[in-house]
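Spelled out, the chains give:
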Amino acid sequence: MSKMPSITGQDQSDIFTGTSTPSAELKDARSVKGTPSAALPAFVLGEELAALADHDPRIAVLTADLASANRTIDFKARHPERFFDFGIAEKNMITAAAGMAASGMIPFAATFASFCALLGAEQIRTDCAYPRMPVRVIGHHSGISMGFYGSSHHATEDLGMMRTIAELTVVCAADANALRAVLRASLDRAGAMYIRLGRGRDPEVYPEVPADFSFGRAIRLRHGRDLTILATGTEVRPALDAADALDAAGIAARIVDMHTIKPLDEAEVLAAAAETGAILTVEEHNIIGGLGSAVAEVLAGRSPVKFRRHGVPDTFAPVGPPPALYAHYRLDAAGIAGVARELLASA
Amino acid sequence: MKKSGRNISEEFLAERARFVRLETVRLSRIAGAGHYSSTFSCAELFAALYYAHLRVNPAEPQWPDRDRFVLSKGHAAIGLYPILADLGYFDPQLLDDYTRFGSPFGDHPDMKKIAGIDFSSGSLGHGLSIGVGMALAARAQGRALRVHVMLGDGELHEGQVWEAAMAAAHFRLQGLVAIVDRNGLCIDGHTEEVMSVEPIEDRFRVFGWETARIDGHDFKAILAALDGLKPAGNGKPQLIVADTVKGRGVERMEMSLNWHVGTLAGSDYGDVIAELEAGLKPSRHREPA
Numbered sequence: 000m001s002k003m004p005s006i007t008g009q010d011q012s013d014i015f016t017g018t019s020t021p022s023a024e025l026k027d028a029r030s031v032k033g034t035p036s037a038a039l040p041a042f043v044l045g046e047e048l049a050a051l052a053d054h055d056p057r058i059a060v061l062t063a064d065l066a067s068a069n070r071t072i073d074f075k076a077r078h079p080e081r082f083f084d085f086g087i088a089e090k091n092m093i094t095a096a097a098g099m100a101a102s103g104m105i106p107f108a109a110t111f112a113s114f115c116a117l118l119g120a121e122q123i124r125t126d127c128a129y130p131r132m133p134v135r136v137i138g139h140h141s142g143i144s145m146g147f148y149g150s151s152h153h154a155t156e157d158l159g160m161m162r163t164i165a166e167l168t169v170v171c172a173a174d175a176n177a178l179r180a181v182l183r184a185s186l187d188r189a190g191a192m193y194i195r196l197g198r199g200r201d202p203e204v205y206p207e208v209p210a211d212f213s214f215g216r217a218i219r220l221r222h223g224r225d226l227t228i229l230a231t232g233t234e235v236r237p238a239l240d241a242a243d244a245l246d247a248a249g250i251a252a253r254i255v256d257m258h259t260i261k262p263l264d265e266a267e268v269l270a271a272a273a274e275t276g277a278i279l280t281v282e283e284h285n286i287i288g289g290l291g292s293a294v295a296e297v298l299a300g301r302s303p304v305k306f307r308r309h310g311v312p313d314t315f316a317p318v319g320p321p322p323a324l325y326a327h328y329r330l331d332a333a334g335i336a337g338v339a340r341e342l343l344a345s346a
Numbered sequence: 000m001k002k003s004g005r006n007i008s009e010e011f012l013a014e015r016a017r018f019v020r021l022e023t024v025r026l027s028r029i030a031g032a033g034h035y036s037s038t039f040s041c042a043e044l045f046a047a048l049y050y051a052h053l054r055v056n057p058a059e060p061q062w063p064d065r066d067r068f069v070l071s072k073g074h075a076a077i078g079l080y081p082i083l084a085d086l087g088y089f090d091p092q093l094l095d096d097y098t099r100f101g102s103p104f105g106d107h108p109d110m111k112k113i114a115g116i117d118f119s120s121g122s123l124g125h126g127l128s129i130g131v132g133m134a135l136a137a138r139a140q141g142r143a144l145r146v147h148v149m150l151g152d153g154e155l156h157e158g159q160v161w162e163a164a165m166a167a168a169h170f171r172l173q174g175l176v177a178i179v180d181r182n183g184l185c186i187d188g189h190t191e192e193v194m195s196v197e198p199i200e201d202r203f204r205v206f207g208w209e210t211a212r213i214d215g216h217d218f219k220a221i222l223a224a225l226d227g228l229k230p231a232g233n234g235k236p237q238l239i240v241a242d243t244v245k246g247r248g249v250e251r252m253e254m255s256l257n258w259h260v261g262t263l264a265g266s267d268y269g270d271v272i273a274e275l276e277a278g279l280k281p282s283r284h285r286e287p288a
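Taken in order, these protein sequences are the chains called F and E.
So in numbering that gives the first Met the number 0, the last spot in the first sequence is 346, and the numbers never skip.
So in numbering that gives the first Met the number 0, the last spot in the second sequence is 288, and the numbers never skip.
Since the hints were derived computationally from the structure, they do not count as laboratory data.
The beta carbon of each residue, even a glycine, is placed where N, CA and C say it ideally should be.
It is possible that some hints are incorrect.
Okay, the calculated beta carbon distance ranges per label pair [what the hints assert, rightly or not]:
id : chain 1 : residue 1 : chain 2 : residue 2 : range
1  : F       : A165      : E       : S195      : 33 to 41 Å
2  : E       : R99       : F       : R216      : 36 to 44 Å
3  : F       : S151      : E       : S195      : 27 to 35 Å
4  : E       : A143      : F       : A165      : 35 to 43 Å
5  : E       : E250      : F       : Y148      : 57 to 65 Å
6  : E       : F100      : F       : G103      : 45 to 53 Å
7  : F       : E265      : E       : G227      : 30 to 38 Å
Just some of the chain F residues that point at chain E, by a computed CB distance under 10 Å [what the hints assert, rightly or not]:
id : residue
8  : E89
9  : K90
10 : N91
11 : Y129
12 : G300
13 : P303
14 : F306
Below, a list of computed lysine-lysine pairs in the BS3-like style, where the Cα atoms sit at most 27 Å apart [to be verified]:
id : chain 1 : residue 1 : chain 2 : residue 2
15 : E       : K235      : E       : K280
16 : F       : K261      : F       : K305
17 : E       : K219      : E       : K235
18 : E       : K235      : F       : K75
19 : F       : K261      : E       : K112
20 : F       : K261      : E       : K229
21 : E       : K229      : E       : K219
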């Protein structure tokens, strides 16, 4: 194995279920269970769904023994009668969500991406997408964000798998406000949906909830004429930071949040090709099957353009803290900027 | 509006079960092949459920307070379609194009195309989880309906069934009723030789279910079990294991491994029609494997 970068110490307390704090000092057990470090942004999933459910009796929330890690516990606190913990039984959770949807509810079923999108793939296809049930499957801690928990807990295949399921909306939220926008917009969307999140506590991209969020319509975050970086989910923030670095080197990069992987905003892809002449896709996913593949399908035979898919190569990631993995795969800002320069320098 | 406990005679139900079998043979000929034997085993169960038990309203298929029926063993849909047509959910003539290009009616049922189908099925092991979700939704919505899920016995091999069984008991879904068509066979052989499922009742009981075991071809027993079901509420989910004979009603198909999917060629078609029209004879396989 090649020498690994010596980066350690990232706060991974978002999935902690205990601390060494003496319990006698704590008034409420919940303040121990799953309470992450104050250094991390809030995971707004449960809180936002609870607020929506105040006005929408159709909303139910399901999880698979991860109510603290994904903060659906915040929904439970406000709407206990519409919160269901299915234990460590993801397939049952997803299919039961479809049963609820058939009875007029809008269930949001959340667990680690590896366990809903991979373990529950057939349930998502057969019970949610095929009968067009408005089930929202939320795969959090996707990509390699689980770091040292290893490949069993990584999900670098989920976009590829979900993207081939007919009539399924596949969307990635870049940060907390993007997640709020996705959840709000999802209430009016027909059919099933896969919502991909990073840790749920990802660095800010949107200071406010994007006002005109619409599935299938990409958001142009930064203008530029030298190349376009089409990023999704957790890679939007480092792509924006990479644009700063490129700017300092005299390269103006257009940055686009390609939040919806399906249906893909083909017009935005073709505009990027025509107007900037170079496209770099960036995703926390195997380079096979995800955003890069989707963009390639649009470009093939239609638009000659410099093009590179950037993500996790077709391999299982080594163990390590997430920042070390991002650096290893050049998925941090410096790495993305470097790959962008290579693309522009290529013949 | 249909209600349970109507004055339905056993003779009428037996005639409807015969109708199910005859229609299964007719429709299979249109398709070129069919799941005869898995449908014949549950013909009496279908007839009892739809003509004497389920609170449904064919004039309003989406009536929110209706009882639900999930055919988890979706390959028996060929026997359910004729009942739905007979009850008025759709024009019976639509079945004349069964499985033809563009038909709403495939080997496995599609809820988006067929009125009266409460959930699409075909992939075994999913239906009980669907039922769990429907029962939870009914509770959240304050609806006192029951959700009935019919499973095959070989289907019990699927692990998701036991995830659902655990959840149903945990959530105290008394309104959830599982009916296992215990016809003894899966495709490769007797279930107890391929992958044993017995003792079914004991297994569900330790998962926290109320259980009953009946002769699934005897209308007295079927109706008694259905009439004895508790209403929706907070309590144990309810299981009925119905001992049946796979292929019941056609001697060559009874407990035969050759007829899970088959086709009746030449004079066999007419012979089988005649055999079914004559009505059920005692089966030499009455004691299930």
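Taking the numbered hints from earlier one at a time, note which ones the structure violates and give those numbers from smallest to largest. Violated hints (numbers, rising): 6, 7, 12, 13, 14, 15 and 20; every other hint is consistent with the structure.
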